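Engineer: One letter stands for each residue in the lines below.
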Amino acid sequence: MFDLKGYGGLLLDGLWMTLAVGLSSMLLALLLGLLGSWAKLSRNPIAVWFADLYTTVVRGIPELILLLLVYFGIPTLIQDIAARFGHDITINLNPFMAGTLAIGFIYGAFSTEVFRGAFMSIAPGQLEAAKAMGMGRSLSFRRILLPQAMRFALPGLGNVWMVLIKATALVSIIQLDELMRKTKIAANATHEPFTFYFLASLLYLGLTIISMLVQSRAECWANRGVAER
Amino acid sequence: MKKNRLHILLFTLLLSFSGLLQAESIKIRMGTEGAYPPFNLIDKEGKLGGFDVEIGKALCEAMQADCEWVTSGWDGIIPALLAKKFDTIIASMSITEERKKQVAFTDKYYTTPVRFARPKGMPIEITDEGLKDKIVGVQSSTVAENFLRGRFGEIVEVKAYGTQDEANLDMLSGRVDLLLADSFVLGEFLNSKDGQSIEFVGPAFTDKKYLGDGIGIAVRKEDSALLEKLNAAIKQIREDGTYARINAKYFDFDVFGE
Amino acid sequence: MEFSVVWDNLPKLLQGAQLTLEITLLSLMIGLVIAVPVALMRRSKNPLLWMPAYGYILYFRGTPLLIQLFLIYYGSGQFRPELSDLGLWGLFREAYFCGVLALTLNTGAYTAEIFRGAIQAVPAGDVEAAKACGMGRILIFRRIILPKAIRLAWPMYGNEVVFLMQATSLVSVITLLDLTGIAGRIISKTFAVYEIYIMTALLYLAITYAIVFLFKRIEKRLNRHLA
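Residue numbers (the working numbering), protein chains in the order written: chain A, 1 to 229; chain B, 1001 to 1258; chain C, 2001 to 2227.
No lab work stands behind these hints, which were simulated from the structure alone. Quick caveat, the model's predicted, so the values are computed rather than measured.
When the alpha-carbon atoms are kept at most 20 Å apart in a straight line, the in silico DMTMM-like pairs for lysine to aspartate or glutamate are as follows: (1) B/Lys1108 <-> B/Asp1240; (2) B/Lys1159 <-> C/Glu2094; (3) B/Lys1108 <-> B/Glu1097; (4) B/Lys1084 <-> A/Asp88; (5) B/Lys1159 <-> B/Asp1133; (6) B/Lys1047 <-> A/Asp13; (7) B/Lys1120 <-> B/Glu1199; (8) A/Lys5 <-> B/Glu1045; (9) B/Lys1044 <-> A/Asp13; (10) C/Lys2189 <-> B/Glu1097; (11) B/Lys1101 <-> C/Asp2008; (12) B/Lys1047 <-> B/Glu1188; (13) B/Lys1221 <-> A/Asp88; (14) B/Lys1084 <-> A/Asp80; (15) B/Lys1221 <-> A/Asp80.
Let the sequences and hints guide you as you build the complete structure.
Structural biologist: And the structure:
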């Protein structure tokens, strides 16, 4: 169907890089999400303030600008400040790290909200019951809170993943060799932009559809033991 | 007081340690764009190549340095150098006064004029009247853009692209009436299969005010030792014939200029 | 930090913000016009209606907007003769048109899905009660389903508006000089990287929360009878 003029392998390499940067960003987003939701639900006003600031700022700024800030802005800023104090430091963020940090940081804010909702939807009576049975805090978190929260959080986290994997296309702008950038190279060299951008869009669509299938399987699994309504 | 002394001790320790590391061998990260054929490009296997890259590799050999190559978008290539993503820019960058405020340049390693190109047979003349209201595609933040805006900015509509390749694509689709770019880069495009419908028009411009003093390698201003090494290496490859060999691979004339 | 750079270039940035707002509004309005019929088609039982609607929604929600932009802008160039024959090349020639088209198709798909969900969430009892009162199908849709669905969809639509406004920052990659595009140009001249990006981020932040505030106000009005 497509005449790839020898650029097929390049696109496949890009697809793997997209998956790699997507998965590592998702891992970071999950960690930040757990941390953020814990801060939001804590009684410590400073933690709450920081978590609110985090989600407010991330929601208000386009991904592209945040990415450019993380890749160019922040290292230059830190180096300038260090230079003012007479230190010469190098912050060498390669595109993979900058992309992972930026995307993970952005979607950490969205997973914070997902986890917060999930923890809040667990009836407080359950924790009280666990306490009454003599469970410690960490045990009741592991046995009671987390399994149920995961069930409530799964649909939301699935959505975060599906938006995140598409957002990795932006990392091409800071020259990470992922699918979008490889596609650009092929499109510009062959002067056949439609062929390559359309093919790449189908590859992204494939990732989305596979993710949707996995998500519905995962939800079935997480809901086992819960009666159908 | 005691605490302060400890700090100083630690700091000197750190300094001497980093000094030790540097003494081992020079490691240089070479920055380029990778979207500017024939000077720098990425091939089907995803490998970097082109005149700039081969010259860069020859320079590394002459300096006996251990080089690593990093690519960057053209728009962000100077900010990336300043942010220490890499140590040199060897990407067909013209030596201009404006850029000298930010970075330091080596001596030139080649010279290039800029030229216009138009679709074959399109009656556009390169005069103030002929260019009136024409849309001209250039790569943004290049000397071609500066020259176009400075010399014809009031007359034409400037359309600036992130890469030269994208400007070329829009020439083929007819979104721009003319291209203005480095004459060698345009020549490469005109020689390609799709470029057959495009032709050069008008003179080769060498206006120093906008186009600067040839093409050099940029380094951060504080890296004067690296600058000297690079200059010595350029001289060396000019003298030992390495430059001529690479030149012959890409062009059938001396690209160095006088 | 050099604040004078930011100050000197603020008028230019504001000019860029104006284009950002213009593109956002235009895409939203046309997107909404597309979304309502697509949502209704998607709910239909006729495969000739729901299948195209499903495919459209899946494609535009399942692929990155950045690719959609490149596909429409650079991709259309590959079909210039065909588009010229149809008399459409004059439109596709303009980056502005391509940008708005991509954003419109994108937001149309998301909005259709929001609207479909909202119609589905209208309680069946409401519809049955209206039927029992002797209302016709069109009247039920206009008087019962639509008002309720709009109220249900409103907060989610507010999120979509915020996402779309931020997504317009991508049109800078197809040569348009929106807020992000202008910021890039200023940086390539002044090299004041973080100063300009931080100012740009603050401007986006202000626009975002202005939209959020506006939607909250209207939401209150929509639900005032429920208080």
